[in-house]
Structure formats: structure tokens, C-alpha cells
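Engineer: Single-letter residue listing:
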Amino acid sequence: MAVIRDMIPPFELYQPAGVDDAVRLMEQYGDEGWVLAGGLDTFDWFKDRIKRPAAVIDLAAVDEIRGIAEGGDGGLDIGAMTSLTAVAEHADVQSRYPLLAEAAGLVATPQIRNQGTLGGNIVQDTRCWYYRSGWPCYRAGGNICYASTRRAMNREHCIMGADRCVAVNPSDTAPALVALDAEMVVASSSGERTYAAADFFIGPDIDIERMTVLEPGDLLTRIVLPAPREGARWYFEKIRDRKSWDFSLVTVASMLQVQGGVIQDARVVVNSIAPYPVRMGAVEAAIRGREPSDETGQMAGEIAVEGARALRHNDYKIALTRNLVKRSIRDAA
Amino acid sequence: MAERAIGTDISPPDLHAKITGRARYAEDFHAEGMAFAKLLLSPMPHARVRSVDTSRAEAMEGVLGILRASELPRPEQGTREGALSDEPLYEGAPILAVAAVDETTAAAAVEAIRVDLEPLPFVLDPLDSLRESGPNARTDGNVPGEDGPTSLKWPDSVFDEAGPDRLPMGEPTAEWAIGDVDAAFGEADVIVEETIVHQSVTHHPMEPRSCMAYWQNGKLFLHGSTQSTERTRGPVAAMAGIDVEDVVMIGEYCGGGFGSKISGVPIMAVPAVLSRKIGRPVMLRITRYEENYIGRARAGFQGWAKIGFRSDGRMTALDLYLVQDSGAYGASDFFTAGTVATASYQPENMRFRGVPVYTNTPPRSAQRAPGGAQIVAMLEPVVDKAARELGVDRLEIRKINAPGHDGWLGPNQGPFTSAYVREALDLGGELFDWEARSQLSGRREGTRVTGVGMGLSPFTAGSNGRDGLLVIRPDGKLHVHQGIGNLGTHSIADTARAASDVLDLDWDDVVVVWGDTSKHLPFSTVQAGSQTTHAHTRANHAAGEAMVGLLQELAALELGGSATDYRVADGRVFRAGNRAAGLSFAQAAERAIARGGKFSGGEIPEDLHDVTKGAVAGLAGEGLIAAAKDNYGQPGAVFTWVATFAQVELDVETGEVEIVDLASTTDCGTVIHPRSLAAQTNGGVFQGIGMAKSQRWVFDPQWGIPFTKRFYTARPPGILDVPLSPRFAAVNEPDPHTPVGAKGIGEPPVGAGEAAYACAVADAMGGLCLCRTPLTSDMILAELEGRPRPYGLLDTHV
Amino acid sequence: MEFLRRALNPWGEDVPIGVSWDLIWAAVIIGAVFVVVHALMVPKKVATGEIDESEAEGLPEKLQRHTVGARGFHWSMSATMFALLITAFFPVIGIQFPWVTIHWIAGVLLILTVIYHIYHVFAKQDFWTMWIDRRDVEEGKLGLKAALGRSVERPRAGKYPVDQKMFHHVAMIATLGAVVTGVLMMFRVDNFLLPMNTYMFSDATWGWVYVIHGVCGIGLIFLVIAHVYFAIRPEKRWMTWSMINGWIDRNRYLENHDPARWTVDGGSQTAEAEGD
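Order-wise, the sequence lines are chains A, B and C. Numbering of the first sequence is given in our numbering, commencing with residue 17 and proceeding in unit increments. Numbering of the second sequence is given in our numbering, commencing with residue 174 and proceeding in unit increments. Numbering of the third sequence is given in our numbering, commencing with residue -7 and proceeding in unit increments.
Since the hints were made in silico from the structure, they are not lab data. Any given hint might turn out to be false.
Here are the in silico distance ranges between beta carbons for each label pair [said to hold, decoys possible]: (1) A/Ala33 x B/Arg195: 32 to 40 Å; (2) A/Asp36 x C/Ile224: 48 to 56 Å; (3) A/Ser205 x C/Ile21: 23 to 31 Å; (4) C/Ile21 x B/Arg241: 45 to 53 Å; (5) C/Gly86 x B/Pro328: 57 to 65 Å; (6) B/Arg241 x A/Glu105: 30 to 38 Å; (7) B/Pro647 x A/Glu105: 55 to 63 Å; (8) B/Glu956 x A/Arg167: 20 to 28 Å; (9) B/Thr277 x A/Ala77: 19 to 27 Å; (10) A/Arg209 x C/Ala24: 27 to 35 Å.
Ideal Cβ positions, reconstructed from N, Cα and C, are used throughout, including at glycine.
With the sequences and hints as input, model every part of the structure.
Structural biologist: Here it is in C-alpha cells:
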């Protein structure tokens, strides 16, 4: 059978007006259903006729999960359908969670940020081009990782967390939300569940076909940010080939609690180096009680890349990760 | 006196339509009963079609017809590319097309077709193909021979001696020399030698090559995206197997060509022939994905350069070896590259050797300075390296070696028509403040190191002998008929100014006629090689002079006296010294129609091209008609030079490079349209920076399939990747051998941008030259950190 | 139900990529049906208790059936087999955990176990005790008749009854199939024993490797179900015990085994009962 791309095949379109209806439709269609938020990930798949769901459940009319509201305990509650522009430009996000505002503001282009949603950015699929080309790799249910072969073009792939699959998580907001200790609220027909952001993302060792805990029928509805911590310093940097419309090569997001010139607590997260945002636990432990200096950063960088393993073409990610983690301690403001 | 149009900014006549979205491109057209076609592309990089089972597709409701390669009037022959092929030579090569009532049905039908393919050996890297055991991209060979492709293999010892990071140099297929390089190297004070690599990149025009065709009374009407309107008819006629007179080509707007749509594109055959087959108009909308395959690409090089200098900075020897990735059907960039190098450096002795090698990658074609941009981008950093060793300023070394008006070009060492290269370099040095800026070299602030660099890029910029065709209609307006295309460069308007200036006519009284060959368009240049500005300011100047003559003659006949008593200005022909005694253009047009004969297309100058004669005949009786051939002569090669200067900041912790300032200058003769010229130059510079910095064309070596099929993976630069206010200035000295003095600008900026970037990055790295494109942040970081290189120095498609 | 999982490779060719996971459930269901049908239809064989006392002469109370080495092999094999089946199939049915490393390490242990077994069989044991000969065929026929309720005198077996031999051979084929394909698959996962060589075979060949691995693995699900079932059946438990403690008592021996086919030298057997 011949393959043709760039032509969206027909599907049934549903536009539920509430989470309950959406979840009911998702349950009804199971594997055959597809949840559509901003469409930036979706339409690539559809255009290439690789993902061909019978029914598309468009969340555009589900207003209850769009917008930013005060949460309990001095936090913020962000609906998953809130646009990235709205997140990046929201006064409270900017003043209280500048890390997230920065991350959201660096996604792709203004047009994509207007259309793309925070929820979509969090749950987006990997951009491994072997996988996105519709090749039957592990992640697509096959028996091979094309990207880890000897001659594979894997400049953008993993240096840690690989398990057969070497694709990376491409999200800009995910590492920020892990660093901010956000919670992900998930609705399904069996009710609502909450995950810490760090537990929301899963690696191929657990399930090679998913990037997050979401299973068919699960809908990410809200992102809950805890109250900002006093005296917190932050750092976010996304390295990419172009200054717009580009996925990151490596992204770092950190939050440091500094008191009396000493790091009391830290969360250091790096994305695009593993199939999930990597929380650098060993780094966090090592820098506690130290000054956020160049030396501490140096040490943190070295610890961050311990155990990292390069593929054929991505050794630079080890140096880049080390340097970005160093910066994220040294230059946090 | 009307304001002289040349040298002023105008709003081109297509501007409003473009910015309001009213401009109709090929895929915006619709015809009664129009069917849609979809292509079935080869999934393999090289294969032979054993059999095709279309039964399921044909049984589908709404499927109207299927077109195979064998049904095309001129199927693939030798290295000539057909629109469809039963021996696809690259992944993505169209095998067949299906027409259906709508695209959804056509796509479903394509999916229902079973193609049985026999995989054949394939090759992506030219060097692999030159190995004794290496595969040939084509069943008939891997390099062009005298009678079609032939097989060229180098002994293993050539590869063993070279090692992994140096170009193996076996027997070349092309070679020329000036003087004695070996002797010159013996006497040189400084010799530099580098492996040099330039990537292949796809064109990525915004508008893919969609086209729609229908037939009426034996005539083929084709709406397509083309760079050259009139010159597209011939190729289309050949594709459809009909006479050129039976082709009506319509293409008012072209959403970018960059050399990939010069005179029609092979895929136009599909709607043309399919439409005839099924008896309905056929629209073929090419998608971004398909454009990636059939949209042409720049030929890549793997090369080696050895350059010798005298202590005063003069280049005494240049030895160049280029292996070219020619794609499946060939390219001639490598040969141009050798020629262009002489226009930069005028080496006292030079040897050029080259081998163009077929690969199973999409077809190549001209891409904005084909060969020129590559060689400039690769050699300029090597020249910088020599300048450092010589202790000569890097701007100075360009000036020392640049040609003057007595300069020469290429192996035949022919003359240039003009060369204000040193003036352009001086102007650039001033504009950029080179003296002060070059002091910033190596300055470190935090983790950012400043680098400063420049590139000088020559390219061909003109041709002659085309026709101009002007009509003054009873509306009193001057109608300038342009056979050239409208590929977004404003040349349809800007070259018309030559005519309006000769007639001393206000620009508002000029109507440009273009984009539809049924509107009687004259013989024109193909819109390539940056010829248009030069060729058609000349042709329209000639036609303008002819028109002045006709007006004077007509006035004398109508009003008495001799023709020389009359002057032309402001839309009137009048007796010298008495503006009232004369005719308005509207009156002149009416009188011309009444008189007929030579005034209204009844007599046609013999030296015009047949196409122009046909156009004049078609217009006969519609006004005062002047048509003329450009007979001004051209005593040398017409070349334009662009110099670009860049200041960058390299972050040593990330390898990222930010371009903080850019300035470009040019010698392109007389400036016709300052704003457009700056836009063309800066756009070309950005395009070059993209190739040098972020753009990629990555293939999987195992399967021979490319991944950079979308903008986001191919990564052409965005506006945020360059400074928001790049500066620009032109020498603005007229070329003495062309009446308007103008030369083309389209191509040389690309190499200048690339070279300026590459040299500035090398400067920030303390003079370390990787001499390859792309030079991405990962490669830079690996060098800075002393880590393993992500790719071998000769690797391509990375 | 599809037998194979298929996919289009990057060149658009239709290739197998593995066995259909639906077959897991097929194996479980067939195993369950077999157990239920067998449990309902086949009466528990009651020990006759009739022993020719003359045969017992000179035989010790306990006769060694499995050496320590043989038992070690069996339990090592069963442990690795359970580890392999659990790590292979639990994630497929939705119980997810990082399984690949455990799986291949268990596979390596299984291979070592099998190598030891082969060595042991050739070097220390009589290879032919597991061979199915003419008398085994006869025994099998009669056994089948007996199982179907016919009143026949079932002959006594050699060291291993024919059904055990048959199980051994089927399990051997499935295990070797899984082991050989599993070793090849090690070239596709990151491990410190073998280098990655993903393109060692064509993708169609790889597909069949995965299919064979899957078929063998799923076959082993059935075999394990059947094996465990028989191991816990009351009339077979003495054999299960013998796999734990190594010996059977004299009466079991004489009741089930033909001393002519499995000659036990009494004195030395007891002496070696706990040794190898």
C-alpha cells in the first residue's frame, strides 16, 4: 500500500462544552479517540496520516479549563486550555512565577503560542524524527529504535534515561513546572487524580509508547502552582538552533532558595536530554548549604552529567547540560 | 520634467494585491469541472517499478484517471528528469499521479495503489560512490561522461592516503589551470591548506510548485509558479508534446523561486497531460512535504583548498579540488565555483579540479548564486587564516586581491564590464567601521566572545540581446510588456523604469503588463543568473529609444517639420522650445492606430525574436507600438560584488552565536530602486547566514530518507536570528557598458552573508576555521570544549 | 485475531514486527481450559500399592531421582523462566514497570543455566534417559488409553515417564527458540555484553526473530501453566517432592518405574543422595 503524506484523512469531530462530556467521549472512543487542544502536535500527525483516529474530541469549547485563577494556599490554578501567550503574559504569572512566564514565552513563535495551550505543551509527543516519520519504531509499537543505530542522525536525542527508545521530551514548560513543584490534575471517567509534575512524565522503561502518565480516557485539566516561595531565585534557559520556531537542544529550569548567601533548597530540572524532564536530585543535594557561586555551579554541572552517555552525534549535549546547570546555579536571579 | 524614476523608491504595482491577500497564486485558481491530482512518491531512494496494481484505486468512486511515466510525451531520458519515473532515483520521486473529484479521494486512491518496487543500490555521499566498492546512484553511472553518465572509481589507496578528514583526490572529470601553481607554491611566503565542505540545502520557497492546467481548442492553459513567464512556455510545450504557440502560461505571482523555478518545473507535465487525458481541468497542489523532494536543492561540495600568498598579501596560487553532490540528475555548480573564485581573488596561478557525482538525493538546480555562494563561504575563512599568518588586515587582503576594471574572469581570463570592488570594500569598511570593530576581536564579556568578519562575494549579474516591447495606448499610458516573471524581486516594475526614464514619463503613467502570455509578452531572459535587471533595463531602454523615435516621426508627420525638431517628455511629444505644439501620448496613440504600419505593429523590426514578433502582431492596431532588441553590446562579463560585514558574539558555554551587527555594500552599478535593492541584499545575506548557521538537510544513511521535510526541522533562519536593522549602502557607479548602468543583485549577497558569518565565528574562536557549512552550535561547542566532533570534517547531510 | 503484528518499514514494505499479543490471552485460555478439562476428565490415579516385593530386595528406602545439580538446574530455570515471563508479559497486559534490564539479565542467567544443564547431561548424566524410544511410545499409547478410561495395564516407565519426556522436549524447543532469538535481540538493546548492531539483519528477518521469540514465549506460558498444574496434582506430588529433596521412596520407584529400564544401584544411590 502506498504511503501519502500532508493530507488530513476524514474523522468525526466532537466539540464538547464541558470536561464531563469530553471525558465521556474519550471513554466511549478509547484508543480510537484523539483529544485536540491547540492542534500544533495533532495536525502534524494527522497531515502525515500516521495517527488516524476515528473521532477527534476538540476541547476548544471547554471553557471551564481555560484561564488563570487564584488557587488555594496562595497559588495559581491554570486551566490546561489556557494559551501559552496568556500564560506568558499574565501579570500574576510574570510577577510570581517568572520561570513559567519565561518558559511559555520561549515556545515556538507568537502565532503558535497564541494557538498552543499549556496543557498541550506539557503532554506533547516527542519530536524524534524517526518516530514522527511514521517509522515502526518501539514508540510506534515496533521492535527497533532507528535513532540509536550506529549511523543514525541523533543530534537531538537522549544522553540519559534511554531505554531502547532515545527520544527526548521537547516541552519548554514541563521543566519549569517540575522546578516549580506544580501539580497536574487529571480527569477521567473514574474521577479526578492529581500528580506531582515530576511524577507526571514517564520514561520508555515504564511505557515506551507514552510520554506521560495519561492513558486513553485521561484528560489533563488543570495545572496547580503552589504559593511562590519567599526569596526564591530562578533560572531558565533554552538552547536552540534558531531564536524562534525551534525545539530546544537542552533546556534548564531551576529554583533556588537562598538565605544568608547559602542555598537552602533547590530544584534543578533539565529537559530535552532524556525522554522526560530530568530532575537533578544529586545536584540539588550537593549544592544545599553552599553559596550559589561559580565553584558550586561547576560542581553542580559535573554532577549533573555523571552517567550521561552520548549517542553517535550528541556528545555536545553532555557539555551543554553541564554548562547550563552550572549557569543555573551561578546566574540564578 | 518628470521625476527620474531610476534611483527612487516606488511602490511596485503588485504590492497592494500581495499585502491584502488579493494576489492569486497558482493554487488559487479554479476552473469549471476541475479535478485534483495527488502524487504517489517513491518510498525508496533508488528502485525499479516491477508492477503497479491500480485496480482498487480505479474502482473507487470519484477517481478519474491515473497517469504513469510512460504516458508523458518526453519521458525520462538519460539524465533528463521526467515528472514521473518508473526508476525513481531518490526517495520522494513521483512515480505516478491520480486524478479524482477531490483531494481526499485522490489521496485515498493513492493509498490504495500497490506498487511493487525492486530496491536498487543507493548512495548519499559522493565519496562513497567514488570508492571501488561503492554503489552508483544511477544504473548508468555515477559521473557525467561525454555520452551520458559513466562510472568513475578511485583506487582505495587514494582514500587510504587521505584519511578520514582530508579530501581524497583521485582522477577528476574537469580540470583547468592558469600559470603554474606548483611553482608558485614553491615561492609563496605563506601557504594555507584546508578541507572545505558546503552542504546541500533545499530551496524552501514559500509557494510550493503547485500548478493547474486545462485545455481549450487545442491550447494548453497552465497556471503555475515560475520565475520566468515567457520562457516557461517552451519547456511546458515540450512536456505536453505540443507547439510553443499552443501554450498559454499564466503566473502573475511567484512565491519565491531562488533558482528552483527558472523556466517551469518538471512537475507541470502532470496536470498538463493528465488534464488532456481525462478531459477536465486538473489542479495539482504541491504540499510542503512534496516540495521538499521535487523543489530542487543546492549542490553540496566536499573540497580541498591550498592557497599561497606573497608576504604583501597577494594571492599567488590557488589550488582547488571540489567533489560535488549533484543529486540524481546533475548540476554544474562546481564549475561555476572555480570561475567565481577568480572574481574574488584574481590568483596569479590557479588550478581547478572537480568531480560532480550523482547521488540518490533530490534533484539539484540553481540556487541563488549556484557554485558562487558555496565557494565564497568555504574560501573566505581560509583567506582570513592566511591574513592572520601574514599579519595583513583581513579587509586589506581582499582589497589587495580584488579585481579592478582591468580584472579578469575564469579560465579564459576574459574581461569584466566594470568592477568597483575596492570601492565597495572601502564603503563597507566605513559603513561598518571596520577599523574600530576589528579591534573588538576576541573581546570577552562574561561568557560571550566577540568575533568580527567579512565576506566578499562576486556573481554573474547580467546578459544582453533581449527584446523590449512598449505600447502607448489611447489611454495615454505607457504599457510596458514584460516577458520576465514576478518572483518577488520587483524587477517587473524596476526594469520598466528604464523605458519611462527614456520617455521622461511620470511613473504614475506607466502600466506594467506581465504574468500572462496571452497578453503578448516579448522575448525575455530566463529570470536567473541575476540577469534580469541588466538585460531588461537594456531591452526596455532600447524599446524606449525606439518609442521616442516613433513619437518624433509621428509628430513630424502629423504636425510638420522634421523628427529631430521634437522632444518627448511628461507624456507628450512636442516641438523643442514649444511644449504646446505637440501631441499627448493619448493623441499619439490614436494617430498611430489610424496610420498603422510601423506605428502600430504593422511593420516589425527584423532583428526581434519570433516570440516578440508574435506579440507585436497580436497587439497590432492597439496603440503606438515600439519593440526593439537590445543591441548595445557587452564587451565583458557582467559581475556584481557584495561585501558583508558581521559582528557576532559567541557564548563559549553553549556554542550559540548571536549576530549583533551586519552591514553590506555592493557594486551593482547604478541603483534602480534603493529600498528594493537593500531588501534583496539583506534577504540574500540572511539566506546565506541560514545556510551557514542553522539550516540543514539531514538524511538517514541507512535508509536514504531525509528528515528535514518541514520548516521546523530544516531550520531556515527567522527574522530573530539576524539583527533587526542591518545596514546597507551601494557604490552606485554606473557600469559604463550598459545604458542604464545597472547590474543584477539577486545572487551575490548569499555567499557574502555566509562568509561574513563563518569568518566572524572563526574570529571569535581565535581564528580556528572549521571551513564548513553548516556550522551549528553543537559543532562549535565540541571544538571549544575539546570534545569529540559530532561529525567528521567531510560529512555531509548533517 | 491476527497471528502477527505487521508494519510498513521505512521503505513502505510490509514486514512482520512480532507476534500478536492477543496470543498471550490465547495461551492463558488454552492453558486454563486444558487444566479444567484435565482436572475434570482424568481421574486421580490411585496408587495400587501392589508391589512385587522381590524387586525391592537390595533397594534402599530412598532412591535418588534428581541430583543436586539437576535440581539446581530445574529451580534456576524455573526462577529465570518466571522472571522472563513476568517481565515479558506483565507490561504488555498493563502492569508497567522497567522490565528490559531484568528481562535480559534473567535471559542471560537462563542461558547459563541451560549451558550448565547441557554440560551436566553430557558429562554427568545419561543423555539417553530423556530419549523417547519404542517402549516410551508404547507406554504413551497405553497411558492415553488409560487416561481415556480404558482398562489397560499401564507399563512402568523408565527414569522419566513419557509425558515428562514430551514436556521436556517441547519446553526445550520453546526455550531454545526463545534463547537463540533472545541472544540476537540483545544486539538491539543497550547492554554491556553485546554491541548494538540494529541492522545486523534485514528488517523482515528481524521481524521473524521477534515472531519466533514471541511464539516461544507465549508457548512457554502454556507450558508453564501445564507444568505447574501437574506439579501440584496429588498423584504427581511425589515427583514434585523429588525435585525438591532429590529422592523417591522405594515403593514409588517400584510402582512407577521399571527397574529394567531405570536401574538403580541401591547402595551407592543412598550414599550419593545428597551429593553430585
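Engineer: Could you check the hint for me, namely that A/Ala33 and B/Arg195 are 32 to 40 Å apart, CB to CB?
Structural biologist: Holds - the Cβ-Cβ distance for A/Ala33 and B/Arg195, about 37 Å, lies within 32 to 40 Å.
Engineer: Given a hinted range of 45 to 53 Å, is it respected by the beta-carbon distance of C/Ile21 and B/Arg241?
Structural biologist: holds, 50 Å
Engineer: Please check whether C/Gly86 and B/Pro328 have a Cβ separation lying inside 57 to 65 Å.
Structural biologist: Between C/Gly86 and B/Pro328, where Cβ atoms are some 60 Å apart, the hint holds.
Engineer: Does the hinted range 30 to 38 Å hold for B/Arg241 and A/Glu105 at CB?
Structural biologist: Cβ of B/Arg241 to Cβ of A/Glu105: about 55 Å, so the range 30 to 38 Å is violated.
Engineer: CB of B/Thr277 to CB of A/Ala77, is that within 19 to 27 Å?
Structural biologist: About 26 Å separates the Cβ atoms of B/Thr277 and A/Ala77, which means 19 to 27 Å holds.
Engineer: A range of 27 to 35 Å was offered for this pair. Does it hold for the Cβ distance of A/Arg209 and C/Ala24?
Structural biologist: holds, 34 Å
Engineer: Is the distance from the Cβ of A/Ser205 to the Cβ of C/Ile21 consistent with 23 to 31 Å?
Structural biologist: holds, 28 Å
Engineer: Using the beta carbons of B/Pro647 and A/Glu105, state whether their distance is inside 55 to 63 Å or not.
Structural biologist: holds, 59 Å
Engineer: Given the hint of 20 to 28 Å, is the C-beta distance from B/Glu956 to A/Arg167 inside that range or not?
Structural biologist: Holds, at about 23 Å.
Engineer: Do A/Asp36 and C/Ile224 keep their Cβ atoms within the hinted range of 48 to 56 Å?
Structural biologist: holds, 49 Å
Checked against the numbered hints above, the structure breaks only hint 6 and satisfies the rest.
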